[in-house]
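Engineer: According to the working numbering, the first sequence is numbered sequentially starting from 44.
Don't read these hints as lab results, they were simulated from the structure. Quantities reported herein were computed from a predicted structural model and do not represent experimental measurements. There's no promise every hint is true.
What the hints assert, rightly or not - Here are the simulated lysine-lysine pairs, DSSO-like style, with alpha carbons at most 30 Å apart:
#: 1; residue 1: Lys307; residue 2: Lys201
#: 2; residue 1: Lys193; residue 2: Lys515
#: 3; residue 1: Lys553; residue 2: Lys117
#: 4; residue 1: Lys597; residue 2: Lys110
#: 5; residue 1: Lys76; residue 2: Lys415
#: 6; residue 1: Lys117; residue 2: Lys617
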Amino acid sequence: MSSAIAGALLQARERGLLQSTCFPRPAVDFPRKEEWGDLSSGVAMVVAKQENRSPLEVAQVIAEQLKTTCPLVKTVSVAPPGFLNVTLRPDCWFAVLEAIERMGDRYGHSDVGRGQRVLLEFVSANPTGPLHMGHGRGAALGEALARLLKSSGYAVDKEYYINDAGRQMKLLADSVYARYLAMHGRECVVPEDGYHGDYLKDLTQAVVQEQGDRLLTAGPEDARRTCGELAAQKLVREIREDLVRFGVEFETWYSEASLFSSGKIREALADLEQRGLVFAKDGATWFRSSQFQDEKDRVVCKQDGHYTYLASDIAYHFDKLRRGYDWLINVWGADHHGYVPRMQAAIQAFGHAKERLRVVLVQMVRLLRGGKTIEMSKRAGEFVTLRGVVDEVGADAAKFFFLMRRSDTHLEFDLELAKQQSAENPVYYVQYAHARLVSLFRTARDRGVPVPAVGEASLAALRQPEEIRLIKHLSGFPGMLEASARELAPHRITFYLQELAGLLHVFYYKHRVLPSQSDGVEDPECNDRETFDVSNESVRVSRTVTIARLVLLKQVQVILRNGLGLLGVTAPEKM
RNA sequence: GCGCCUGUAGCUCAGUGGAUAGAGCACUGGCCUCCGGAGCCAGGUGCCGCAGGUUCAAAUCCUGCCAGGCGCGCCA
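My request is simple: use the sequences and hints to build the entire structure.
Structural biologist: Structure below.
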């Protein structure tokens, strides 16, 4: 339509109705109100300025041209202060149904990614404890982003970066070792800044099971290391299980420790050194990140000779780039936002545009039960685990809730609401819409009513406003996905689906699809016409209307399934 | 002190520079002999944090304030 209006503008100039030599690309969008037509544009107001004429006048000129040039247009009207409101011919809408049937599960998919490779890194929690709600939000988001980007033509790999090196791991090892000693009646203290959660017991138990009391005789350093390694292994295994149960799996699990052993950190830093971006000061080694947009330089190797976390991260991202990824996307907790500039500096240091790395920040989750906040204290090891939540409300509800808000805003997650099986619960509202349709088609089959292909139906029978609204909303699916992918914002999908489900329920309440059973034989009198009169208790639908509606609803079902699928949420046949 | 994020209806939140700013929840009252009532309908609410600016047009862009959150380590 945008190009149609552009064409109208050019034609108007050719005919001497407009003077300008160049026109802006006409912006077209869906008007807020139905009375304003199907599409609208404000170009006239921009053009009016350069033409030095009133917007209404210019709009009028464009409208005239558009009517004659564009066959899709049914009517064009002009509204103050200068909007063009276009109403399309009904066939345009019916074409949407054909497209959905033709494309099926791929409707709305695109090729904007052109097969470019994306490495999507998310969750990446330290293996020092079970996953909690914040990780769950990141997991749901990452999974949805992966599916969304794949649907947009990107080749996506999901990766979990295991932070199995550094201080936190040392503390874990200390904590487990201390408990191990305690379990064998030796005196010991769990370090104050170590880990104290109940899960430490299980970890220690596992170490005992595997090693017995062998570690008592080993040197303390070896024993400590063994404790740490075994604990971390077990935790990674459990994290992986939790994620599988949540419906999230990764292509690769990348170990930070491996960056040390493989020499990749040294390599990456050597590369930076060659580029003159590393220098020594105060006995430490620094990365000259201020040369890019970072506010100051950063230490990569401490005075004591150990690498900093940044060093591993630089090496890790260097490695990602070397593996041939065109785009790197990281899902991080919002408390790491200050880290973004220095990571982008690293990307630039290796000679790439900083846009190559996009970081999606995820804000905290506030957990409620029946409106009351559940306090969590990570220090005391008391927090609600992802596993606990998934067990309680189910993976579907949990994912949907995590994805209902923009990722960079705080999220309220009410466990009672997520469990509720009613219209107040958005997940059920949407899933119910799908199950309801499945059930409808089941009934249709049982009654011997065929569900034909789009081509076999007389779609012109779809004239009720509720039907047209449904079709229009279906037509918005591809655009919504495109925006969602561009902005890395899958919450748009949840809103879209709630709206679609709402439109369906309204339609379904108001109109019949299958002929009433008592109606038995088709009534020739009501051919091509629907009567719905509650007071008379007569409900009749012609065969033509039944078929057209079944065809329409089939496509609604496809979109509900596709949309839920992109969120990683199931579309149940029955509930 | 500096930086980032957020400020929209009673609550939780949508809102690619466009028209009279929306949804869900909560509240009140209705609607099931027939395709799933896990549903539908009807009721009202806003100095879009404040003040300037850019624009034909600002919740949206710019500047300055105010409030809340987060960050500002040779921690990860």
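Engineer: Each hint: holds or not?
Structural biologist: Cross-check of the supplied hints:
1. Lys307 to Lys201: Satisfied, since the Cα-Cα distance of roughly 21 Å is no more than 30 Å.
2. Lys193 to Lys515: It holds: about 25 Å lies between the C-alpha atoms, which stays within 30 Å.
3. Lys553 to Lys117: Cα-Cα ~27 Å, so holds.
4. Lys597 to Lys110: violated, 34 Å
5. Lys76 to Lys415: violated, 38 Å
6. Lys117 to Lys617: Violated. Lysine 117 to lysine 617 sits at ~42 Å, over the 30 Å cutoff.
Taken one by one, the earlier hints fail for this structure at numbers 4, 5 and 6, listed in ascending order.
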